[in-house]
Structure formats: C-alpha cells, structure tokens
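Chains as they are written, first to last, in UniProt numbering: chain A, 1 to 456; chain B, 1 to 456.
Treat the hints as calculated values from the structure; they're not laboratory data.
The reader is advised that the hints may include incorrect statements.
Given that identical chains are not distinguished, each listed pair holds provided it fits within a single copy or across any two copies.
With a Cα cut of at most 30 Å, we get these calculated DSS-like pairs of lysine-lysine [what the hints assert, rightly or not]:
id, residue 1, residue 2
1, LYS273, LYS342
2, LYS97, LYS342
3, LYS342, LYS272
4, LYS278, LYS342
5, LYS273, LYS260
6, LYS47, LYS145
7, LYS229, LYS272
8, LYS97, LYS35
9, LYS167, LYS104
10, LYS342, LYS78
11, LYS278, LYS229
12, LYS145, LYS272
13, LYS78, LYS104
14, LYS171, LYS412
15, LYS272, LYS12
16, LYS78, LYS380
17, LYS56, LYS167
18, LYS229, LYS342
19, LYS35, LYS72
20, LYS229, LYS336
Treat the numbers as computed from the prediction; the structure is a model and nothing was measured.
Protein chains: 2
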Amino acid sequence: MDYINKYIDENKERFLEELFELISIPSISSIAQHKPDMYKAAEYWKKLMLDAGADKAEVFETDGNPVTYGEKIIDPAKPTVLVYGHMDVMPVDPIEKWNTDPFKAEIKDGKIWARGAEDNKGQSFMHAKAFELMVKNNTLPCNVKFMIEGEEEVGSPNLGKFCEENKEMLKADIILVSDTSMIARDIPSITTGLRGLAYWQVEVTGPNRDLHSGLFGGAVANPINVLSKMIAGMIDENNRVTIPGFYDDVLEVSDEERAKLAEAPFDEEEYKKSIGVKELDGETGFSTNERTGIRPSFDLCGIWGGYTGEGAKTVLPSKAYAKISSRLVPNQDHEKMAVVFKEYFESIAPDTVTVEVTPLHGGKAYVCPIDLPAYRAAEKACEDVFGRTPVPVRSGGSIPIISTFEEILGIKTILMGFGLESDAIHSPNENFPLENFYNGIRTIPLFYKYFAEGEK
Amino acid sequence: MDYINKYIDENKERFLEELFELISIPSISSIAQHKPDMYKAAEYWKKLMLDAGADKAEVFETDGNPVTYGEKIIDPAKPTVLVYGHMDVMPVDPIEKWNTDPFKAEIKDGKIWARGAEDNKGQSFMHAKAFELMVKNNTLPCNVKFMIEGEEEVGSPNLGKFCEENKEMLKADIILVSDTSMIARDIPSITTGLRGLAYWQVEVTGPNRDLHSGLFGGAVANPINVLSKMIAGMIDENNRVTIPGFYDDVLEVSDEERAKLAEAPFDEEEYKKSIGVKELDGETGFSTNERTGIRPSFDLCGIWGGYTGEGAKTVLPSKAYAKISSRLVPNQDHEKMAVVFKEYFESIAPDTVTVEVTPLHGGKAYVCPIDLPAYRAAEKACEDVFGRTPVPVRSGGSIPIISTFEEILGIKTILMGFGLESDAIHSPNENFPLENFYNGIRTIPLFYKYFAEGEK
Numbered sequence: 001m002d003y004i005n006k007y008i009d010e011n012k013e014r015f016l017e018e019l020f021e022l023i024s025i026p027s028i029s030s031i032a033q034h035k036p037d038m039y040k041a042a043e044y045w046k047k048l049m050l051d052a053g054a055d056k057a058e059v060f061e062t063d064g065n066p067v068t069y070g071e072k073i074i075d076p077a078k079p080t081v082l083v084y085g086h087m088d089v090m091p092v093d094p095i096e097k098w099n100t101d102p103f104k105a106e107i108k109d110g111k112i113w114a115r116g117a118e119d120n121k122g123q124s125f126m127h128a129k130a131f132e133l134m135v136k137n138n139t140l141p142c143n144v145k146f147m148i149e150g151e152e153e154v155g156s157p158n159l160g161k162f163c164e165e166n167k168e169m170l171k172a173d174i175i176l177v178s179d180t181s182m183i184a185r186d187i188p189s190i191t192t193g194l195r196g197l198a199y200w201q202v203e204v205t206g207p208n209r210d211l212h213s214g215l216f217g218g219a220v221a222n223p224i225n226v227l228s229k230m231i232a233g234m235i236d237e238n239n240r241v242t243i244p245g246f247y248d249d250v251l252e253v254s255d256e257e258r259a260k261l262a263e264a265p266f267d268e269e270e271y272k273k274s275i276g277v278k279e280l281d282g283e284t285g286f287s288t289n290e291r292t293g294i295r296p297s298f299d300l301c302g303i304w305g306g307y308t309g310e311g312a313k314t315v316l317p318s319k320a321y322a323k324i325s326s327r328l329v330p331n332q333d334h335e336k337m338a339v340v341f342k343e344y345f346e347s348i349a350p351d352t353v354t355v356e357v358t359p360l361h362g363g364k365a366y367v368c369p370i371d372l373p374a375y376r377a378a379e380k381a382c383e384d385v386f387g388r389t390p391v392p393v394r395s396g397g398s399i400p401i402i403s404t405f406e407e408i409l410g411i412k413t414i415l416m417g418f419g420l421e422s423d424a425i426h427s428p429n430e431n432f433p434l435e436n437f438y439n440g441i442r443t444i445p446l447f448y449k450y451f452a453e454g455e456k
Numbered sequence: 001m002d003y004i005n006k007y008i009d010e011n012k013e014r015f016l017e018e019l020f021e022l023i024s025i026p027s028i029s030s031i032a033q034h035k036p037d038m039y040k041a042a043e044y045w046k047k048l049m050l051d052a053g054a055d056k057a058e059v060f061e062t063d064g065n066p067v068t069y070g071e072k073i074i075d076p077a078k079p080t081v082l083v084y085g086h087m088d089v090m091p092v093d094p095i096e097k098w099n100t101d102p103f104k105a106e107i108k109d110g111k112i113w114a115r116g117a118e119d120n121k122g123q124s125f126m127h128a129k130a131f132e133l134m135v136k137n138n139t140l141p142c143n144v145k146f147m148i149e150g151e152e153e154v155g156s157p158n159l160g161k162f163c164e165e166n167k168e169m170l171k172a173d174i175i176l177v178s179d180t181s182m183i184a185r186d187i188p189s190i191t192t193g194l195r196g197l198a199y200w201q202v203e204v205t206g207p208n209r210d211l212h213s214g215l216f217g218g219a220v221a222n223p224i225n226v227l228s229k230m231i232a233g234m235i236d237e238n239n240r241v242t243i244p245g246f247y248d249d250v251l252e253v254s255d256e257e258r259a260k261l262a263e264a265p266f267d268e269e270e271y272k273k274s275i276g277v278k279e280l281d282g283e284t285g286f287s288t289n290e291r292t293g294i295r296p297s298f299d300l301c302g303i304w305g306g307y308t309g310e311g312a313k314t315v316l317p318s319k320a321y322a323k324i325s326s327r328l329v330p331n332q333d334h335e336k337m338a339v340v341f342k343e344y345f346e347s348i349a350p351d352t353v354t355v356e357v358t359p360l361h362g363g364k365a366y367v368c369p370i371d372l373p374a375y376r377a378a379e380k381a382c383e384d385v386f387g388r389t390p391v392p393v394r395s396g397g398s399i400p401i402i403s404t405f406e407e408i409l410g411i412k413t414i415l416m417g418f419g420l421e422s423d424a425i426h427s428p429n430e431n432f433p434l435e436n437f438y439n440g441i442r443t444i445p446l447f448y449k450y451f452a453e454g455e456k
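Just chain A, same shape as in the assembly (with noise of 0.2 Å):
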C-alpha cells in the first residue's frame, strides 16, 4: 500500500486541479440547453483515460448524451474490470440556497463542495485516478475498461441500445461502480441492494382557462384540490400505497434477512437531527433502514399550478401539474407500474377535470449475492484501507442501468461507493470529504489486487 499513498501525495494537487475542471463544466442532462457540455464533459473524460495510460480512448454517440468508451488490454487471457460511471448530474436549483457557485469547486472544512463533487463526477474520477496510479506504476493486474455515460440522471434511456450494440466491446468479469455512499465516515459499506425507480408527470385540467375566483369560485372544480385529493387517497392510513397490483410483485424479505438488515448501526435520534425533522414517517410494519431499503416509496417530487409569484393573486386555475416518483424494489417492474398508476389515476379523476399521465423514467431494482468472488474482493479492500469489514447494505437509491447491465451484459455489478449520506447529493451544497475521496483512491487498486489473485 506504501506505493498507493505515496503517489496519491505526490499528485494529490493535479488530481483535484483536473477533477475542478470536469466539475466546472455544467453537464446537466435533463436540461436541453446544456447538451454542448455533455460533449465537452465526453471530451475531457477521453483526454482523461488516455493521459492516464489507456490504449485507446473513443467519444460514442447515442441517440442522446454521447459515452466515453476506453481500455487498456494488458493481456486477453486475464480478468477483466468494467467500471461504469456517469458525468453528467442533476440540475442546481434551488440555486440561491447554495452558498458557493455549483460550478466552481471550493475546499471547505475539508470537503470538496460542487454540482457533482461526489454524485458522480467526483466518485467516477477516483477510478480514473486509481487506474493511473496502477498504469504509472506498473501494478495493473488485469484488464480495464470503462463507459462513463451523459444520462444517469435521467435514467440511462440509451445506454440499454448501446450496450446490446457493443456487447463484444463491454465483455467484462465484473463491473465496478462507485456511485453509493458508506454507512458512516469510519464504517465503509458495499452496497448489496437498489431500488428500482418508476417516475410519472401528471397534468389535471379543470377549466379551459384560468378563471376569476370570484365569478367562478365554488362552482366549478378546482383543479389544485382534485389533484390534492387524488394524491392524499393514493396512499392510505398505514402509508400503504392504494394503487391496485403496486405490491403485487414486491419480493418480502424473510425474518432471517430482516434481522440481519436490523444489525447495522442506526441511531434514529441523530437521524431525525441530521433532517431537522420531529417525527419520521412510512410504512406501518417496517423499521426506518426496511422502508428505505426493502421497501417501494411513493413521493411527490414536484407540484406546481396556479399563481406561484408574490403576493395574493386570486385566481381558479386551469391547470395543476406533479412529479411523482416510486422507488421500487425487487421484483416490481416499472413499466407494469407504470401501466397500474396510469390506470389507477385515471379512474379516479372525477368528470370535472380531465387527467394526463406521462412516464418520464423507471428502471429495475438490483441485488447482489454477498458470496461472489469480487464482493470478497471488495470486502478486503475495503479492510485493508479502513480496518474494518464493510457493511453490506441494502440502499434505498436507484441505478436503474445496473440491472440493466446484467439482463443485456449478463454481468454482475459490485457497488463500493465512497460517499457518505451528508454529501447533500441532488441537493443544494453538494459536498464530497477529501478523505473519501483519497479512500476510494487507495481502495480501488486493491480491489483490482484482490480480484485478479481471485479469479486466477
């Protein structure tokens, strides 16, 4: 390990200049204006893999955000490491509830705080910088590629199609993901289990206008409290959603698991601190890590109608709008998620209003078996740098095009993220500790160490 931290020292500057540059490039993928930065973000990745030592380096197309593809084939025979990541990330508002520009990375009480200084920008670039490390010091011990993808944080809508076309160009033993958080600063954690992500917009039209409150007031449905209405009756007393068939599919975790799930440290009083919130709230039944990590959600991400500006506007609106999004788990499918909601919204909408649902996005749950050779290899790298066995956990977030990876690559994914939960990931203040990020450094050529010794 010795080799390990001294390169980390002596490059340790460079390495945040050049993460600083990526971040400063506003990569947002579910904004239309900001496409030109996806392909500048593909660019700086391609110049990154191949300073790094890559044999060859290449910008992809998709039908949306292009992939940067590389690798360096040390010899055929050996294993192979895919690691996927993704350089694009969430939009910044509410912009005036950052303290620094989102775009411009500062050092602060020890952290790096940015749009993408973790999620995942600043976790992705750990593996540039570990397979660097490992190529400029000769320690590479199996073969490497990488896809860094423009649209995770729209749910990967492409990436599916390109990798059932370059199948033969992904061919890995196992792909390695950074893109998840450890338990707490000092215990790491592999993430074993994600939830799916089903994500719908709804549009309820009362009126063909907005109205005078007034003249119309009483008389005619409001469209704001038909869609408050509909949304309080989707989930019931128990925090139990009512839509028909949502649970139909939902795999129940034995006692035996939940016992083991109920072993990882969880002190629900700094919990609730850490969110400022009095009380915590779900699903009747499960313990606050099942309702996260076992599971499915239903959130109201977004809703918006009428007069939203200052002062007191009287007004009937015509129309109210909402983002509502499912976090599922294993076995629920979106898409026959999709078509209940669809259904279930619809049919209850009264005749005053006429509704419109829109999918925007979903994907499936994953799991991963905690006896696979490369979670071992995982668990020691992890011991090594930390001193202490990771965690496995089950997260309650969602890579949708991990499973994905496994339908159309048939290949498994280890998830050994280095972020921890106050990163404030999507959130305003995006933050990233310097010392997670040097731990991934150092952790990920030992995982390279410990699986090829694994897989000899």
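Guided by the hints, dock chain B onto chain A, whose structure is given.
Only chain B this time, still in chain A's reference frame:
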C-alpha cells in the same frame, strides 16, 4: 340621449387613444418593482380629471400606492356622486398564454385586448369620459368626486385609512362603481351583493433540506404529500369546508329569495361549454348561481414545491407551499376566518412537519338593497340604453373595499358594471367589448340625471 351619442361619436378615437395610454402603464400592484408605474398611473388619472373639467385633482400619498382624487362641485346644495375605481391591475402570468402584448392594447373582433382593458382601467375610464361629456355639454346635474386607488387587486390595504383621514373631502350621497359584469351582452344587471375574501399562504416544512428521494424516500414524510392530504381533508364529500366555525356566521338565504335568484337566466350547458368542463361541482344542495352568489368557496389559487422544471429530477423536497382563498358571504368575518383557518391548519398538521400560515388579505361581503333611490336611478339609466330592466344579481366576486366604505363613510354603493363574464379578467387575453365600453359611457350620464332628479 342624442347629445350623448353625438359626443361619443365625435370623440371615440380620442377616447381609445387615451385609454390605451393608461393601459400601457404596467401598474401591477402585487409586484413591488412596479411601484413607479403606480405613480405614473396616478398622475395620468390626475391629468384625465383636470382635462375633463374637474375643479381640482390631486395625487395623495398613502402607506402603499397613491390615490388620485378629483372633484367638481357645481353647487354644495346639490347631491354628490363619489366615483370609485382602481388604476392597478393583476399580474399577467402565464404570459405565454397571451395572444397579444398585455400592455399594448389592440382592437380585434370588436374588443379591446389588454391587461386592464376591462378590470378596471376600461370600466373606470368610462366614468372619466362620461364626466367629461357632461361637463362639456353643460349637463352635469350634481357634484361629482373621483377616488381612484392603486391597491384594489391586493385588497386595498391602505384605502380604509385614507377614507378615515379624508371623511369630509369624500362626503357624498352615493358611491358609483363599475367593476362588475352584466349577465349577458343584451341583459343589463346591477350587482346587489358581493362576496368577501380571505386569503392565506401556507408553508409546510419537512426535512431541513431537499433530500435524495432514494436514500430517504419511504422513511421521511414528504411535505408535498402531507400538504395534499391536509388540503384534501379540508373539504368533505359534500364539498363543504371542514374548518370548525367556517359556516357559523353564514347568512342563510330564505327560500323566497333563493326562488327569486333562480329566475335569472342561466344555461348550464352553455356555462359548462364556455369554460370547457364536462361537469360542474360544488356544495351539495345548492345551484351553480347559489354556489357563487350566496355560499362561501374554498379555492387553491396556487401550489408549489419541489422540482418543477423540465425532466425527471428525483427529490424529497424540504418545503411545499400553497395560496388558499375563500370567498366569504354575509356575515362571515375575514378576520375571524383567518383565526379559525390558522388554528385548524395547525391542528391537522402531523408531527412530521412544521407549518406556517400567513393571512395575506381579506374583506367583508356587501349587500345593496334594491329599494334604494340610487338603485332605481341606475335601473332607469340601464333601461334607457339597453331597452330592458336590469336584473339584480349577487356576484361571486369580491370588492372588499365596498363594505369598508359603508362602515367608514356611511355611504352605500351602486355596482353598475358593464363587463361580461367572457372578458377573462385576471386571466390571459383579458378583453372588453367596444360595445360595452361605449354603452357604459352612454348609461352613466343618465344615472346622474335620474339620481339628481330623485334626490331633489
């Protein structure tokens, strides 16, 4: 009436030019940055009155926007008409739904299209021109005073104090206002009742920051879900408001009066068609006209929270907001309603969130007896111009200041409006038919004539 028609014919182009200049001032009272426009509009009104023949006219400062006052006293022994109108307008959003520039009036299909074309620049302007017409033709039969304010659309927060401080100056026998509608193009009507208004903004806060909906979704209460449920719970299955005390003071209208109200022509199919809805909805046991005329309403004027931009950003938001308004009927008191609303809203908030309720403004309902001499004068004036007796109607709209006038100045108000329901006031593409505009200018001098005769 011949001299009236002649004067209008000779000056109609100039009338429009002057009105369009007034419309071009974007005097939106609810948006602070338009403050300078309020002064422009006030000065414009001063000029309008002096040009029309007022003895004097002055712009008065208030704690908010200015008030323009003007008068012509032909004989202190004669009766006095006080004209009230407002120079401020509503915001123009959603701006993308306008077919024309809202502040650049255009004539098309026999209508004036612009923000304020009707409410209330167009309608108050008729009074300035009717006044001019009487002065220039030496037919003004009584004294006249004008009070044009700049905060009607935000609930006239400073006009009560202005009336208190200028009681002597504002002394009059009747207040005349055109800020209401006629039943139809060919059916004149005089508004004998107005609903009051209560308006609140609510804020629901869940976690102290936007959270990742994957990592937290299912375990932390979502403020949009919570707000939707709270709103839904405030209206029962009969569309009655569930707030305790809400209906306590509602003046129940006798079966006799309800029968009379039912005589007003009303075509439900036409009504539904004009606003593009399949079904109407409102409080069980009341007709559409009763629901807007004699019963209180409960409308969401706006709602917002979380991600409302393009695409599918997942977030468990920190906050959700709504603007809620209730049209009140006699004898509901908006201050009492603000108290019961706040108490109830706070009482139904679960422990998972904190809520804040801000009353934004309010006003009392108003009723005008139809045996008032001034009411009969308005009736006769309308008969002369429209060839039929105007229908007395209870409007669902609110002009909260009207009941304040009665309280402070002790003067009743005649609500002789010339708008149409199709004028889309407060909405995109507000318009005012030229026919109504000129009929207004024709009717007003006749009101003065009959009123002066009656009061002799």
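Now for the hints, and whether the structure bears them out:
| no. | hint | verdict |
| --- | --- | --- |
| 1 | LYS273 - LYS342 | between (37 Å within a copy, 27 Å between copies) |
| 2 | LYS97 - LYS342 | between (34 Å within a copy, 28 Å between copies) |
| 3 | LYS342 - LYS272 | between (34 Å within a copy, 27 Å between copies) |
| 4 | LYS278 - LYS342 | between (34 Å within a copy, 21 Å between copies) |
| 5 | LYS273 - LYS260 | within (25 Å within a copy, 61 Å between copies) |
| 6 | LYS47 - LYS145 | within (15 Å within a copy, 78 Å between copies) |
| 7 | LYS229 - LYS272 | both (28 Å within a copy, 22 Å between copies) |
| 8 | LYS97 - LYS35 | both (25 Å within a copy, 28 Å between copies) |
| 9 | LYS167 - LYS104 | neither (37 Å within a copy, 61 Å between copies) |
| 10 | LYS342 - LYS78 | neither (49 Å within a copy, 70 Å between copies) |
| 11 | LYS278 - LYS229 | both (26 Å within a copy, 19 Å between copies) |
| 12 | LYS145 - LYS272 | neither (41 Å within a copy, 63 Å between copies) |
| 13 | LYS78 - LYS104 | neither (41 Å within a copy, 74 Å between copies) |
| 14 | LYS171 - LYS412 | within (12 Å within a copy, 86 Å between copies) |
| 15 | LYS272 - LYS12 | neither (36 Å within a copy, 69 Å between copies) |
| 16 | LYS78 - LYS380 | within (20 Å within a copy, 101 Å between copies) |
| 17 | LYS56 - LYS167 | within (17 Å within a copy, 87 Å between copies) |
| 18 | LYS229 - LYS342 | both (16 Å within a copy, 20 Å between copies) |
| 19 | LYS35 - LYS72 | within (29 Å within a copy, 66 Å between copies) |
| 20 | LYS229 - LYS336 | both (24 Å within a copy, 26 Å between copies) |
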